[in-house]
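Required output: the full structure, derived from the provided sequences and hints.
Residues per chain, in single letters:
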Amino acid sequence: MAASLLIPLCLCILLLRGASAVSDQQEAGRRDSCDRIDRRIRALEPTRRVDSEAGHTELYDDRDGQLPCAGVAAARITIQRNGLLLPSYSNSPRLAYIVHGRGIVGVVIPGCPETYQETSSSSSQEQEDDERRRRGRRGDEERRRSSEGEEEEEEEETSRRSFEQSIRDEHQRITTVRQGDVVAIPAGAPFWVHNDGDSPLVAISVHDVSNSANQLDQTSRRFRLAGGQARSEGRQRYGEGESSESETERGGEESYNILSGFDTELLAESMRVSPDIARKLQGRSDKRGNIVRVRRGGLRMLRPATERVTDEEMMRGANAAAAAGNGIDEAVCLMKLRENVADPMKADLYTPNGGRITVLNSQKLPVLKLIKMSVNRGVMRRNAILAPHWNINAHAAVYATSGSARLQVVSSEGRRVFDGELRRGQMVVVPQSFAVAGRAGDEGFAWVSFQTSDGAMNAPVVGKSSALRGMPADVLANAFGVSREEARMVKFGRGQELAIFSPKSGAAARRRRSPGHRDDGVLAAPA
Amino acid sequence: MAASLLIPLCLCILLLRGASAVSDQQEAGRRDSCDRIDRRIRALEPTRRVDSEAGHTELYDDRDGQLPCAGVAAARITIQRNGLLLPSYSNSPRLAYIVHGRGIVGVVIPGCPETYQETSSSSSQEQEDDERRRRGRRGDEERRRSSEGEEEEEEEETSRRSFEQSIRDEHQRITTVRQGDVVAIPAGAPFWVHNDGDSPLVAISVHDVSNSANQLDQTSRRFRLAGGQARSEGRQRYGEGESSESETERGGEESYNILSGFDTELLAESMRVSPDIARKLQGRSDKRGNIVRVRRGGLRMLRPATERVTDEEMMRGANAAAAAGNGIDEAVCLMKLRENVADPMKADLYTPNGGRITVLNSQKLPVLKLIKMSVNRGVMRRNAILAPHWNINAHAAVYATSGSARLQVVSSEGRRVFDGELRRGQMVVVPQSFAVAGRAGDEGFAWVSFQTSDGAMNAPVVGKSSALRGMPADVLANAFGVSREEARMVKFGRGQELAIFSPKSGAAARRRRSPGHRDDGVLAAPA
Amino acid sequence: MAASLLIPLCLCILLLRGASAVSDQQEAGRRDSCDRIDRRIRALEPTRRVDSEAGHTELYDDRDGQLPCAGVAAARITIQRNGLLLPSYSNSPRLAYIVHGRGIVGVVIPGCPETYQETSSSSSQEQEDDERRRRGRRGDEERRRSSEGEEEEEEEETSRRSFEQSIRDEHQRITTVRQGDVVAIPAGAPFWVHNDGDSPLVAISVHDVSNSANQLDQTSRRFRLAGGQARSEGRQRYGEGESSESETERGGEESYNILSGFDTELLAESMRVSPDIARKLQGRSDKRGNIVRVRRGGLRMLRPATERVTDEEMMRGANAAAAAGNGIDEAVCLMKLRENVADPMKADLYTPNGGRITVLNSQKLPVLKLIKMSVNRGVMRRNAILAPHWNINAHAAVYATSGSARLQVVSSEGRRVFDGELRRGQMVVVPQSFAVAGRAGDEGFAWVSFQTSDGAMNAPVVGKSSALRGMPADVLANAFGVSREEARMVKFGRGQELAIFSPKSGAAARRRRSPGHRDDGVLAAPA
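Residue numbers (our numbering), protein chains in the order written: chain B, 1 to 527; chain G, 1001 to 1527; chain U, 2001 to 2527.
Quick caveat, the hints were computed from the structure, so don't treat them as lab data.
Treat the hints with care, as some may be off.
Unchecked claim - In silico lysine to any residue, SDA-like type, Cα no more than 25 Å apart, as pairs: (1) B:K364 / B:G180; (2) U:K2464 / U:S2483; (3) B:K287 / G:V1482; (4) G:K1464 / B:P275; (5) U:K2346 / U:T2176; (6) U:K2287 / U:E2265; (7) B:K464 / U:R2300; (8) U:K2504 / G:V1482.
Written as structure tokens, this is what we have:
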């Protein structure tokens, strides 16, 4: 009620806020009903598969409403060797975890300079070095090609040479990725992925559809910049009670790339190309799908000499280019989009006979502040216990990368809404505030958890810094109807253990450890 | 619409925010279904007109769901010469663009001091200057009046004199506006508008109903502080699938000003006025509507001598008053609420034979950070091309102020959801992430675009700093199935052009330019 | 999933944000239909009562939709002498106002150190002082107990002594509360309350379910960490048009504490306790309800000697402990969660014959920036007038703590949606933007208002710094159709009065003042 005297003060706050910054990590608006998750959820497997020329996408549907309640959509993408995931963007941000393989990701941040460039006017030593490196690589390419097809190559080579003497190519930074990397892709930013490794590249990808960056409805929409006709993958809708079945039926509709939606003449004139080329861009007759095979000769692009550049190098290079360029702001353009969470030495939490957890939040990868998501990577030894806890300010979509665990998720009514195995390749949502606990299976358990806040926090029930330890023993004694001594046992039973608890008989478990299990070479220490 | 040159600036803001805090400009909570816009949208015309004594309001209804999807409501307001739009406030912020005419806007920021004041105790030189100026103006007024009615005037003049010798008036800052100005009105702040010009004042106004400042539901509510009975304009609701027809039916209900809702006795005592006056304030018998004719004598108010004060002057004056006043925070109270976007010299982006775009975001007008909206003003020459692009983090409600354009809007499924002319006076929504492109008609095209973010960003598909230019040519070649040389043509065809592309034959177009078309005197250079 | 070690870091981010910026006070996402409040609302009484062993909870249901529209849930909790409200947490933040009595609140901020601790290794002077103090208190306890039961006591005393010689207890900071205090409880943070006073402890508590901290749906969920079977209180859902009746029916379902949802074996191993103890924690056979009676001997806990420690002391102590501890971020862990709003000397606004208002926002209590709520406490003399005003950026849930007032709430259509008495114990919502005014009854009126923004702002219609005073007199004259002199009377009638206006005849009212009425000893000055 009325307190107008205070208004000046309030306005002052408002102003200070307005001036420096503003609001974040909480995203309002997750308004889909979470009614069903109060009953029962289950371990999700991908239920729909979209095949392409050089790979496939598997979509995690939701029959029990857990993904819509968390406001996320999930997919597993497999890109075959030498495959290219065609460029697209989405109305919501996404994080992807590389489950297997290696590749190159190009995320185009609109408005940022093309910092990888070759101009014929430049003649510095660096330029010459670049030139030399590129020639070396081209030599390799030509050797490879010579075993494939000569005629076509000849023609292309000619045109390429003439280009190189005039404009040459330029593009935005590219990022190499490998198993254990997390890649952040902001809403509205187009990206492409190329598998330049020797085995399939597999990534699990989670969209935060309820993210405040999305001003459209709760539908995950994919806007493809290239490629031909596709099925329903272009849109995944979360309606009120709308089951995925009905969606699949509707998914029979055809979807095309966005260029195909424009009048060919208009597109051609926009690009100053012939209508024939414009028609090719529209790709209405393209049958390769969303992941295509790169043509003979491989994917040529500008990239630093070393396969895995240090971040410092990348920053320096881009920095110089940006500074010399159009005066664009460097900070967003230079934001790191990738971080590895598999290195055991970088674990944030380690329990000797239990396992480890690596957290990736906006403190470590600042772009997550923009994306408002974070990731945990966990590895547990055989029979280790995932301590009972709840997520304070985020939902978690947990994907099992190897092994298995028996997990239990408990609702506000004390109902066990999930009680089962989460096996490699499955996913389950642990909703905000819901309690979860579990035990790793005989092969251990490794997972990656995608969280809908860039500073996701957990509250452990027991162990170090836990809820129960924060209360006086007498409160517990009276609350639980146990003796004071028993209350103290409950409080201090786990000593200094945190998040992952060692199994009952640590020594015994160590002896029985199955030497066959490996995850990133960490789970199984040399026997 | 497109303004990619500004993207660096926008990104810069983004970064600054990202660094310290974050997110704002994304507003969660646009939860109305956008289902229908995935099918088809159309150019909107105002469908309902509310007539008043001295003007009328035209409301843009939504039959196809595009306005609710974008979470906005739009109206065109026409105030006749000497008309006064009665004070009201809303549960959501709004931006208005002055399409035609000039006037005075008073936005009352609750809690801010009345910085325009005359107190009889003051006797400084400034005060005397004011006095002299006012006398001069009054002389004018009296000359005008003398041709109208003498008796009534006599009485009023007497009472006015007695007032001037005792309390005198005081009020908050007022703002003069003219064609090409954008005015920002925060949620909950009452405002009034007076047309003191010689021709009708026409404004197009867009409410951001989904704005986080609105904690009520998705209904745009107008709370009138004065005036009599009105029809449904007081509330515009976006229900689930609720068509505007049903709204109109329900709109048969009467709406009154908020003072009329209080008990007359309570109101009278609150204000220490007689019940008779209180009854007048409640206006139940007032039939003039929402825009009234100012009585003979004109609208007298305190204002600086020059018609168009410089911002510096205004700041200085208000500053001094605030400092001398009740110690209120100055920053919000002094925030500029108006900015002109029509001056061609202030354009942020200019393509010689194409046109220009002026961006107004929170970098230029800080109050937009509070309001979380921004505006683009664009002017295109005959046949110029609006480059294909998408809005990264906002919806855009595009209003055509003159000329016409053929626009195409494309959904995530590659479906052309809009393909038609947007003519003067029409509006269309370009939803976030949807692709848009177009071509100006024979008379050119001028528009103003209201965006639901204070740092709205565009991503051009082609041209400078575009999505396709950010990718390696080989990625495009493989994605589109074209040769490397063709990929380079696609990438570099438009050279350094950005957002607005010159038409096919620039020289020819220049010669054929229709000399009759004018928009702010800019589109048509002297032939 | 679990990574509590990181919590300190996360909290740190959270804090830094809170400190520099944030944004808050706008919370998007209040998407429940507010349709019904445009028709009529009424004064709410608690409609459902849940009885427990040592107290009861009364829930304010919503039959007219006002609470769901405001996105809040309200309850009144009564804890009998020596009762303990069992620990629980919620998916949304809450503010509670202590209407009567005194007690101890323990809010556990996950990840924060247990700053109240006794370790047998410590031997400082402070430690000895503590020891002495505790012995003194124990002496008191024993004297009290001697009148109750001897045998059981003997045994407990023994076990306690042995404990004291070995581990001793430790827990997080506890907070004493008394009538007039506001306590802030963040989302996800477990808390418990103990009544250690001589009379019932009564608190009115408001959850902000629409708060951006809640990523679940609009259901207020309570997650209990202890206690047995309960009825529907664990979940209060706001569905579309779902009436509270249907909820009550569904509420027949049983609800248990979250530990009961885990497998007993898993729980036991997690805590390293026997399955028997684990079963007790699960409390399936516990019939005491949610508020239990503390067993003979009282609730022993560590606390500073003086009953009401100064904030400085508390900070110093906690600070030292934190610094010596695990390097956790201190700022969040040390945030003050309680503030008194009853002290008349701390009033922010005072009208001599009218009353006073005390505002508690994030400027005064920084944790409110996290919680995005604020509180006003108001006290009005007999017949004083609550000035007409509206809430700019928040809803207000107004609870009458004593006396009564006739209030009128007016919608955008000028409809009086509420017109009635608000009596002690009743609650009414004043929605954002809706106008409200009123008059205190014969016994005066005291209230506490919970607002859904941490920087809630009001706009008065008349009086100092009001909407009408901010407009030129001539605008009002023309808008209302009154003379200029009348417009000036409207503008200046209330002089410098603000928010609370003195009644018609101040002197008369003073004489007639009923000496019998008291509220916090302030309303009635010594007659």
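Results for each hint:
1. B:K364 / B:G180: Holds. K364 of chain B to G180 of chain B sits at ~15 Å (cutoff 25 Å).
2. U:K2464 / U:S2483: 21 Å, holds
3. B:K287 / G:V1482: Holds - the C-alpha atoms of V1482 of chain G and K287 of chain B are around 14 Å apart, at most 25 Å.
4. G:K1464 / B:P275: 21 Å, holds
5. U:K2346 / U:T2176: Satisfied, since the Cα-Cα distance of roughly 19 Å is no more than 25 Å.
6. U:K2287 / U:E2265: 23 Å, holds
7. B:K464 / U:R2300: 22 Å, holds
8. U:K2504 / G:V1482: 85 Å, violated
Checked against the numbered hints given earlier, the structure breaks only hint 8 and satisfies all the rest.
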